[in-house]
Amino acid sequence: MLEILIFIGAIGVLIWFLYAGIIKKRNKANEAFAGIDVQLKKRHDLIPNILQIAKRFMAHETELLSEITRLRTAAQAAGADKAGERFGLESALQDQLGKLMIAVEAYPDLKSDEAMVNAQRTYAEVEAHIAAARRFYNSAVNALNNAVHIWPTSMIARMIGIGEMPLFEATAQERSAVDARDHL
Amino acid sequence: MTISDADRARRAPAGDADAAIAFEEREAHEAGFAAFFEAHIAPILGNVEDARLEARKTFNFRLFLAVLAAIPVATAGILFGPRLISPDYFDVSLGAALFAAVGAGIWVNRPRTTFLIGFKQDVLRPIAAFFELSFDAKGRNLCSSFGDTGILHDHNERKFEDGFWGEYRGVELAFEEVKLVKVTRTNKGTRRKTVFDGVAVMLRMNKRFKGHTIVKEDLGTAFNWIRDKTNALETVKLEDPRFEDRFEVYASDQIEARYLLTPAFMERMLAVADAFDKARLRACFRDDRLYLLIPYGKNLFEAASLHKTVLETDSLRKVLRQIQELRGIVDALKLNERLGL
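Order-wise, the sequence lines are chains A and B.
According to the working numbering, the first sequence is numbered sequentially starting from 1.
According to the working numbering, the second sequence is numbered sequentially starting from 1001.
Just chain B, with the same shape it has in the complex (with noise of 0.2 Å):
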């Protein structure tokens, strides 16, 4: 993919500040990004970084005010409240005070989210190009297609960004940071649990397969029995002890679930939760796709900060490995080579 004329145009001249930086290779999937970063990215971090500098004194002006009115408000609430509002409508007050609150945080923060959305758009999206891939600050919502999968956390709230997706070593992918929540409302309150905090990744893989496998984390003995059944789909005990320590699969086809997860197969699996810290994934095998959710438990892709210069490449740095990680599962599962999985 290339950058578009109308994201040149976008990123004329560079405004005030000093965007002379230069992007330094150290690993090898940064080769070639040096000439990139001065030809799509340097030129307009000038900009970005005058648009950071006018948002972080919108954000700082505005979170003053804020302050500034909350001081008296707050004051005149706890010395004259009880005086003033009547029992019957405390509730209603102290309601009416915690929506006008988080309305002045979302007033506040509102400099600060234009001004990452911005940043990702102008900056992360030639990132992506780079890697020949397309991206979305806001997602596209990737979960969505795992809806059969059986490797979805339980979850009633989902939140989504950064969607990345494309093509590697001639395999679709995709891939986008997700946060499921459970919220269970009961007569004490309501209670948010976060059940998955990570990467959902999306592969289409040069084979269909009529069966449904899954590979989920093992949960002990005692558990991993519960499950088993409760699950529509039979259990698969395969050889490798390590893999069978880690992870427990289930399969409406017990010779394709094998097919699948030969043992080489399964030593990748293996590697590649260990590349994201020994994660507790999940991977699901259905039609011509491989579908994994990898918990991360870091934000990923966040390469500003309102409050640090962005005419640094550290953060790009970081930004660059995180994709290259990502992309990686295709080399590790091997999954560009059209036999023996």
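Isolated chain A, as found in the complex (with noise of 0.2 Å):
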């Protein structure tokens, strides 16, 4: 009998720290997503910053400014819960703006105008931080979809309703090969 009850504690045990294990990469996957929503509402309002400085001299963008506002727009309406459908946004918004910035070196005004330099030095301080925060969070996101997908957690998560969380990719602009052309 003590046996018995000895097994069934230990069985116990052992259920409650893979609960618990789960319960922390849950809880560390959403710090992460909270972390990386503080570094993208940075680069919102940056944007229209950027937006004003560059309307004054890029009369002919006016097609690429549309489509930054665009995105921005939408990606602030989406919500938490859409995370897979925003994280895409952010990636066109980031698209967008990587091709806003090689489009100032077209016109030496913008370039060289000092509210744009200080503009440009942010969006890539902003830049540095969302990279971090997304390395971040795809740390902990990858460490959850484990445990989402691996038994004995996979069946803990199935039981508590924990699902696996999508990661925030790279953009296509960071995935390429920089071209050294391109910047010489």
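Everything labelled a hint here was simulated from the structure, so no lab data went into it.
No experiment lies behind these values; they were computed from the predicted model shown.
Treat each hint with caution, since some may be false.
[As the list claims (entries may be wrong)] Here are some of the chain B residues that sit facing chain A, going by a computed Cβ distance under 8 Å:
#, residue
1, R1242
2, E1244
3, Q1254
4, I1255
5, R1258
6, Y1296
Just so it is clear, CB atoms sit at the ideal spot from N, CA and C, and this is done for glycine as well.
Could you use the hints to bring the two separately framed chains together as a complex?
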């Protein structure tokens, strides 16, 4: 009888550890999501300033500027429950902002404008923070998703309704190989 | 930094020894040193060589006297000690003999240490000036600023010497040779263990951090787990497997840790560790500073010996390389660039 009780107790402790582990992983992923949210908000706050400066010089780039505005609005509207959709919009927004920064090179007056220089520096800083937040998020989500997919934690995850979370993938622009000629 | 007039005055005309030697530039970091050597170091080497010969003479004389005194004292002690000294006073007598031996050792060695410190002040200081750095042979206890970094090894005795400080490519830096010793006293006696022997480096970065990030050597799965559990900071798992194999990262802010330790920066840190014989270095980012502890395993900045002439350049070349290696951390980590660590 005692052996049975010890066995049941041991199983209970094991289940509790597995349960606690998966809850910790989900909380860590949520914390990472909150971190990325803060950094993305910094980007959203910076965009109107960049667009305002750029509009004064880039009369021929209205399509690009409009697309950035549209993506920013759409990304802000996407709630936390639609993380995958939101990450897609943010990636597209980052692509367009990257194009804008490259386009600035073709406008010498804009390129040398002090406000634009400061905005570009801040943009680079914000993007570096977003990249760091994304690495933390992806690392936390990867640990959670492994737990959700691998037995026995997968069983517990299913029982308490924890599912996988989407990764925040690098943009196509980031993934593509750097061509030194673009920078020469 | 330039050499002061007082220094120039001290380095008056060459002494008796022949100081007509020249420095041959062989590596990139030695560019311009030949002319500097001719103007600032060669003129004083004669005096330094005279000082070395004088110090060696005194050292040898004292050593001779010490040995001369030690032989009859030791012989008498062995032959008559057990009969003349009561067993009650044996410990006291042994202690007194050891005390006398240590005192004699210090007395004999004094000319050597005085010469070496003088050499460092007279020769290494201008070499530091060549690299636009200041120098103090006694060091400045740089580790005292490492207090809350969390990377200092547990120790209760600290020795430091050869402190360099200044600016390189707009980055403020300081480094010095440090030895940390853990002394434990048990009823069996005192045990001394050197827990760190190398260089402490402090670099001021172009950014201020709100969190605390430290990089420590990897101890293997079991010891890492114990350290994780006893650490107030969170463990940060990074993507670079080579970096993860060799280091463990702890931080108060996961995002900031990754902002600092970008994949490129991790590569650069590995390159720095490789440059110092795959050193198990420790690093801490705090406020606007990067603190580094690099185990070296060799005595650094020792360009002179009592028993070897100073009228040669190979030892100086070695010191030049060591300074350049440490200054090169700024280049390796690209700390001079304002954006993108």
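Evaluation of the provided hints:
1. R1242: Constraint on B/R1242 not satisfied, violated at 16 Å.
2. E1244: Violated, about 11 Å.
3. Q1254: B/Q1254 check passes; min Cβ-Cβ to chain A is 5 Å, inside 8 Å.
4. I1255: 5 Å, holds
5. R1258: 4 Å, holds
6. Y1296: 32 Å, violated
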